[in-house]
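What follows is the residue order along each chain.
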Amino acid sequence: MKFRYISKSLLALAVLAAASCKPELSSVNPEKGNADFSRYIAVGNSLTAGFADAGLYLDGQKNSYPEMIAAQLKTVGGGDFYTPFFNANQANGSGYKKLQGFAPNGNPVIGDVAPGAETGSVTIPGIGTVKRLAKYTGEINNFGVPGIKLIHAGVAAYGNANPYFERMLPGSIGTHNTAYLDFATAKPYTFFSCWLGNNDVLGYASGGGVGDTPTDKNTFAAAYTAAIARLTANGAKGVVATIPDVSTTPYFRTVTYALLLATVKASAPQVTALVIQTKSGPRAATDQDLFILPFGTLAPTLLGKPNVGGLPYGLHPGNPIEDQYVLDKDEVALVKDFTNSYNQSIKSVAASKNLAVMDANALLTQYATKQTVNGIELSSAFVTGNLFSLDGIHLTPMGYALTASEFIKAINKQYGSTIPTPDITRFRGVVFPQ
Amino acid sequence: MRKILLSMLVAAPVLGFAQSFQVNLQGQKQIGMAGAGTGLALDEASVFFNPGAVSFLKKNGVQAGISPLFLKTAFRAAGSDVTEYNKSKLATPLEAYATFGSPEGKLRFGIGIYTPFGGAMHWDENWTGKFTVTSLDLQAIFVQPTVSYKLTDWLGIGAGFVYANGKVDLRRALPITRADGSSATAQLEGHSHNFGWNAGIFADAGSGLTFGITHRSKVDATVKDGDARFEVPDALRSTFPTTFNATLNLPATTSLGIGYKVSEQTTLALDVNWVQWHRYKTLAFDYDNNARIPDTESPRNYKDAGALRLGGQHEIDNKFVVRAGVGYAITPVREGYVTPEVPDADRWLLSAGLGYKPDERFQIDLSFLYENVKSRTETNLETNLSGTFKTAAYIPGISLSYKW
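Protein chains in written order, with my numbering: chain C, 1 to 434; chain B, 1 to 404.
Please keep in mind that the hints were generated in silico from the structure rather than gathered at the bench. Hints may contain errors.
[Unchecked claim] Stretch-level coverage of chain C by chain B, calculated; a stretch enters the list once three of its residues show a Cβ under 8 Å from a Cβ in chain B:
hint, region
1, 24 to 31
2, 339 to 348
3, 376 to 387
[Claimed, not checked] Here are the simulated lysine-lysine pairs, DSS-like style, with alpha carbons at most 30 Å apart:
hint, chain 1, residue 1, chain 2, residue 2
4, B, 89, C, 74
5, C, 347, C, 265
6, B, 374, C, 22
[As the list claims (entries may be wrong)] Chain B regions said to be covered by chain C (calculated; three or more residues, Cβ under 8 Å):
hint, region
7, 29 to 40
8, 119 to 129
Ideal placement from N, C-alpha and C gives every residue a C-beta, glycine not left out.
The following block holds chain C by itself, in its conformation from the complex (with noise of 0.2 Å):
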């Protein structure tokens, strides 16, 4: 008896302990510091809006970094939060390039997804064409536009030239006369992210600068100031980023000259190199020059291919590389220069109005080089890297996720907050196919 009552009690206290022990950490209490989220409003380009994979779509748009610092702003008093979906739909967005194999030589094969909520185009006098996407109705805390420059950010008939920005408005285009900025922060908001000014050099530097300049470095920052100043005119804190190293993308770092001119040598061995065109002429490519993520796909038939002359393309100072696919050493030199003087104003004119910055310049070239995160290694390689979506240039969601842990890193650090980071690995990369 006295047995079975003492091997009783212990047989249930070690199911008790084993039950009921599960070990505790120390708590935390998230805590908003001397900021005030209840209504975060997201300013930007592309990278804000979830653009990925050479479109805009609604997976895209779910893992936008504005929708994943939201998310984390719940634990300390934030409110609901709308991005301008596109409905189910209309999923496919403006279109995007899939992952659909591996041709034999390894290289990734890109197909295309056809647009989802594309309504036509129209023609507007003076802009010229522009597509249509379907509208959006509703709440609005996620002002992303893709394609935006900052000096777009407070011409009135912006709305008229980009579908994006004409879908989150009320009206029909071609009479547009509301400025971004405007429509931003027309209804209150107590905090904001901005995210602007990728573009006013990027279109240079992925044009291989052609086609476009890039934004004058006094007026960069005169607007820059002009749009902080609007931002903050209510008194709301936020966080702004400074511009990345378009140069440390996949979109320049992956078809590179020395594959090119091996590629060219496989068939070709007396070749030595290749001949790119420049502002300055003609001249032989060398490492310093980056060539554009697409050229890796038209290479093919071009290298090698003669012109009406006989001169082979890309081989001879007469049929050389033609200048759009190329960022020569000179150009690159240009881009990192404008680049760093806009990050100058950034974070004179943040440090100012006592505002938060998350360094994107810093973090991105950081992660060009192969980094270790919980288990995962993440760099700016093509497709396998983790971190850049199919066009080379806009993130994954798992890229993203990296940028809004550092938004939020950024914040806590400035107003004394403790909002916790989202987790990184809960977020894709490059979705393979089956």
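Go by the hints and put chain B onto chain C.
Frame of chain C; chain B shown alone:
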């Protein structure tokens, strides 16, 4: 009966947890005394605890026991407000011993089957550290035939040959997103067959004092041509390995034990273990296909570890024995090397036990061991997984023995 026990041992997932992969659950009486027993000639479990003491056992017997192990680990990533727990998975290390030979003679024989190393850690398939590990099942079953010889009235020596049967199943997610949004996975599964030994000296110094010293050898558990199952998109399949080779360096343990019979009813035991983990420098996997992933060599850089165990037993009457113990174990895992499959740290051990002898031959022993592993906050140098681990283990146990 031994046959049944043997088949149970082979069939059941024999897993445990204590001081990295080392499991210290080899006898219910000893568990009741915080795992001390090297300096005692207590029962058949001396085959494990001190082969030299087997020749001092007053009777021969057979025993078998089980220690169902509840292990709960909490993890919180740095900067996060979410606490994640490992899955509740019951591990059941078993032990069985038998001794033979005339108790009056000098030469005795024994056999032991036990689980000195193991691990059963299962995290959610989508937890924060999924790209480092999602689950590890590791079991090393040792079979040890033993000879013990009483040199004199006060000195015995013994040694056993160890056949080590190992099994490992390690799983993790890979940062490759499949079409359905899930992550690719990797599973490494393999078996090992290796050998080792266990030897000990036991001395009865008189006046109730006994001493023991033992050494259990290292075992290099080597997996050859294990199955590497990479569940990856078809387009990548041919670039991933299908088999792997790996070696897990299991440490030698040297123990020193003292027993003291305070009175006819009360015995105290003190053990000091020196576990030579320094050999566990890397965990390396050598794959048959390196097109996409290179062979890996994860640094572990363990240092030698130790444990101090103090226990006692008291006979209430000729039927009941109560036991209690306390211990402290020092982790072999250095700062920066904590991994989620063994979130190890220094730990306190508290134990209690009860023995019941309805007659001279039959005996039941119950034990309960509580292990409180200290919380540990750090960033792994290899994976950069950063956060706080806290573990507790609750281990009830029971054994039955029969003496003749």
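Hints, one by one, checked against the model:
Chain B is given as covering the region 24 to 31 of chain C, and this holds because 4 residues of the stretch bring a CB closer than 8 Å to a CB of that chain, at least three being needed. Chain B is given as covering the region 339 to 348 of chain C, and this is violated because 0 residues of the stretch bring a CB closer than 8 Å to a CB of that chain, at least three being needed. Under the rule that three or more residues need a Cβ within less than 8 Å of chain B, the assignment of the region 376 to 387 of chain C holds, with 3 such residues. Our distance criterion of 30 Å between C-alpha atoms is broken by residue 89/B and residue 74/C, whose separation comes to about 34 Å.
For the suggested pair residue 347/C and residue 265/C, the alpha carbons sit about 47 Å apart, so the restraint of at most 30 Å is broken. Between the alpha carbons of residue 374/B and residue 22/C the distance comes to roughly 14 Å, so the proposed pair stays at or under 30 Å and holds. Under the rule that three or more residues need a Cβ within less than 8 Å of chain C, the assignment of the region 29 to 40 of chain B is violated, with 0 such residues. Counting residues of the region 119 to 129 of chain B whose beta carbon lies closer than 8 Å to any beta carbon of chain C gives 3, which reaches the threshold of three, so the coverage claim holds.
When the structure is compared with the earlier hints, violations turn up for hints 2, 4, 5 and 7 and for no others.
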